[in-house]
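Peer 1: Residue numbers (the numbering used here), protein chains in the order written: chain Z, 11 to 325; chain X, 11 to 325; chain L, 11 to 325.
What the hints contain is simulated information worked out from the structure, not anything from laboratory work.
Hints may contain errors.
Any copy, or any two copies together, can satisfy a pair, since identical chains are not distinguished.
Said to hold, decoys possible - Below, in silico cross-link-like pairs of lysine to aspartate or glutamate (EDC-like), each with a Cα-Cα straight-line distance of 20 angstroms or less:
1) Lys34 <-> Asp228
2) Lys215 <-> Glu170
3) Lys215 <-> Glu234
4) Lys124 <-> Glu134
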Amino acid sequence: MKSFLSINDVENLPALVKDALEIKKNPHVYKVLGRNRSMCLIFLNPSLRTRLSSQKAAFNLGLQTAVLDVGSQGWQLEFADGVKMDSDKAEHIKEAAAVIGSYFDVVAIRAFAKLENRDEDYNEQVMESFKKYCPAPIINMESGTGHPLQALADLITINEHKTVDKPKVVLTWAPHPKALPQAVANSFSRWIQAAEFDLTITHPKGYELVEEAAGNADVEYNQEKAFEGADFIYAKNWSSYAHYGQILSNDPDWMVTENKMKLTNNARFMHCLPVRRNVVVEDAVIDSENSLVLPQATNRIYSMQTILKQILEKL
Amino acid sequence: MKSFLSINDVENLPALVKDALEIKKNPHVYKVLGRNRSMCLIFLNPSLRTRLSSQKAAFNLGLQTAVLDVGSQGWQLEFADGVKMDSDKAEHIKEAAAVIGSYFDVVAIRAFAKLENRDEDYNEQVMESFKKYCPAPIINMESGTGHPLQALADLITINEHKTVDKPKVVLTWAPHPKALPQAVANSFSRWIQAAEFDLTITHPKGYELVEEAAGNADVEYNQEKAFEGADFIYAKNWSSYAHYGQILSNDPDWMVTENKMKLTNNARFMHCLPVRRNVVVEDAVIDSENSLVLPQATNRIYSMQTILKQILEKL
Amino acid sequence: MKSFLSINDVENLPALVKDALEIKKNPHVYKVLGRNRSMCLIFLNPSLRTRLSSQKAAFNLGLQTAVLDVGSQGWQLEFADGVKMDSDKAEHIKEAAAVIGSYFDVVAIRAFAKLENRDEDYNEQVMESFKKYCPAPIINMESGTGHPLQALADLITINEHKTVDKPKVVLTWAPHPKALPQAVANSFSRWIQAAEFDLTITHPKGYELVEEAAGNADVEYNQEKAFEGADFIYAKNWSSYAHYGQILSNDPDWMVTENKMKLTNNARFMHCLPVRRNVVVEDAVIDSENSLVLPQATNRIYSMQTILKQILEKL
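Chain Z extracted, bound-state conformation (with noise of 0.2 angstroms):
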């Protein structure tokens, strides 16, 4: 693998997991790969499980590395080409991204939407940013459209607890306080559709997501209709992509609750984390028998470790 931004990246996803279930059970047999090699981790928002499962993934490689936060311990940078720079932004990704991967042998980045512009987000001008002017492969750990770290741990956590070959996997919407990136949402659909799962995804109208993320998957906008049968329900909230970035709803009625959880085929819960307890999904819910919510979190280090040990392979 050179870089990994997005499922496109990606060869041969059923490998991608195989390796993944491989590395989980012998974490440490890798170091080599990491001998006299480094990252840098550039955060732009805040991370807990990111930021510190990529760490996690770099010690069991043998891989250094050291951390960045834009804005409170850089610079900020400028995006915009032949600017004049007389604003605060005090250098230009050009350079930025051109050091860093100067540096280092591999650079991950999140970069969060930041929901004021449609076309800057899914431009993916950060991302593609770095990708034009950093010489090291990149990997995103969260970006304006994708999440794709997240998707492959939750592809891993659903490989491991399915019971059958083809499981009715169920994303639905669930009400938040404040607007948040489709950028879950859109790489879990990407990725459960490439994996061949049958794949239903519920919210309120106006929250369809972008069609290259929502493609051939079924849309519900009945959520407990969703819910009947399913195998494993996700929980997520976003903003709309055709009322970009605004909150249509905040109905109540979308949590994810004991109630519903009974319509389905004694489904997982699954959530990335953060989640907000009780107005996302009960408590009830998160803390049964059927939640997978730490699961997933655990798998984060074996995505992150997996994609690593591709690129590095390939250095």
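Fit chains X and L to the known structure of chain Z by using the hints.
Peer 2: Just chains X and L now, with coordinates in the frame of chain Z:
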């Protein structure tokens, strides 16, 4: 040792101090203990000595370390049970502690008393929540009620410098412009009494420590009288426990001065740092040959390293 | 080398540059030097290149590194002697420097000029305080008056790209929206002259460097005239030394342009980064084949690594 929240987790105090003194002589001999293991340091508050000495202790043990500044780098945490999470707190401690504890072999936490609500601080909400939800051993890097790593460092220092078996140790309150937690004073009092030294605590009325910390120490409201015959003077400001979090006095007459030190048995001066010079203690005292503030700070490495060693040995 | 505060700490400059060029060829051969040793990087100001290249240099040397962002992570520091510390500064540099220096084998510090008080900046209060109170060797990662790690990286770069023994080097002031320190210009001027290259400094009147830095360089107020026959153009903004910290000019005619570069001897363009594009320098120049800004930035690794190697060898 399973976890290290307070002196209650110490089985054999003399053996612990002896272990620390041995480790200090040969700090790199336990590197095998850290092999393929890692620690997370979680800071909810600022830190200099704790942050750096903990990393140094980990270096000495070959233990990989990730540092998380919650707030600036992570998410605001919710600690209350059953709450509808529609505030600015994006993640519940249940998930945060469980996830971090699934990534690392040891988790160390700093969470100062907020001095707003005595029950909240003295119930040790943060530390107890981590203990409850974090599957990995946890270490207290200063909590609502105690700072046991500091107390262990102080005890190591006293053992290195005492000239009699049972020295007279005086813990004296001193003025300070800000309201400070009782944590350092509480732990010092408990550990010095556990070590069976002769402890006198002196402070203005209203600054009595919580009963569990005060124990059987002599309380003397006349500072000069308390200093008489002392072998060690430990200065520290704290806010009132009875009138919780309040500053009852800023009386500069409680500053530790050269003249007062003359009342002692050529006592050594101690403070945990950071210290307000010429507010808590005169320059002439902290800069004198009898000052132990730097040896105390250096012993923070061996205090943390000893606790880590004992925890790693039990993994 | 004991410490590295300025060029005054360099015994043999040609040997230092030669060492750097050797290290660059085989960056991992000195890993034994870092064994069981550690460094602390202390930042009082933002940093990208310095932060990351220093960590990379340490990785190459097998040296463990802890990073401290004073202010956001630690305590505000007091530098004045004898003061009653009842302000917002919680810790005196005497303790902070002594403690950090007792934890680590090397301590590197970044403390920009504040541009408020010339004496304070040019007395190097922060760096001199560390030198005085820190028992470990210290490294200047940019101080009130100089940025010697940058100057060494620049010198390495010039040595790699010069085609004549004594190239004509031009340091040109350039406009900038913010008042910047003189540190980079000061050090560049001193190091280029120490290397016995032919140095011309060009700037509007009022921007003369401090005498010690200006040395015997030619000063030419006509930028175009200065550019004639130049082999290297080094652009940098700085605020006035005479009218301390003031912006005396924002004249866009001082920007380095393609047309002006035509006056040179096909000169290479240099800048320490971060750079304001189309304010300090035109896109056409920084993006040209003659631009050395990225090689300069890469050489920051070897500049730091060479200084660290020479310090570690003397421990």
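Peer 1: All the hints need checking, so say for each whether the structure fits it.
Peer 2: Consistency of the hints with the structure:
Proximity of Lys34 to Asp228 under the C-alpha cut-off of 20 angstroms is found in neither arrangement, the shortest distances being 32 angstroms within a copy and 57 angstroms between copies. For the homomeric pair Lys215 and Glu170, neither the shortest alpha-carbon distance inside one copy (33 angstroms) nor that between copies (62 angstroms) is at most 20 angstroms. In this assembly of identical chains, Lys215 and Glu234 lie within 20 angstroms of each other by CA distance solely inside one copy; the values are 15 angstroms within and 65 angstroms between copies. For the identical chains of this complex, Lys124 and Glu134 are intra-copy neighbours only, at 11 angstroms inside a copy versus 37 angstroms across copies, given an alpha-carbon limit of 20 angstroms.
Taken one by one, the earlier hints fail for this structure at numbers 1 and 2, listed in ascending order.
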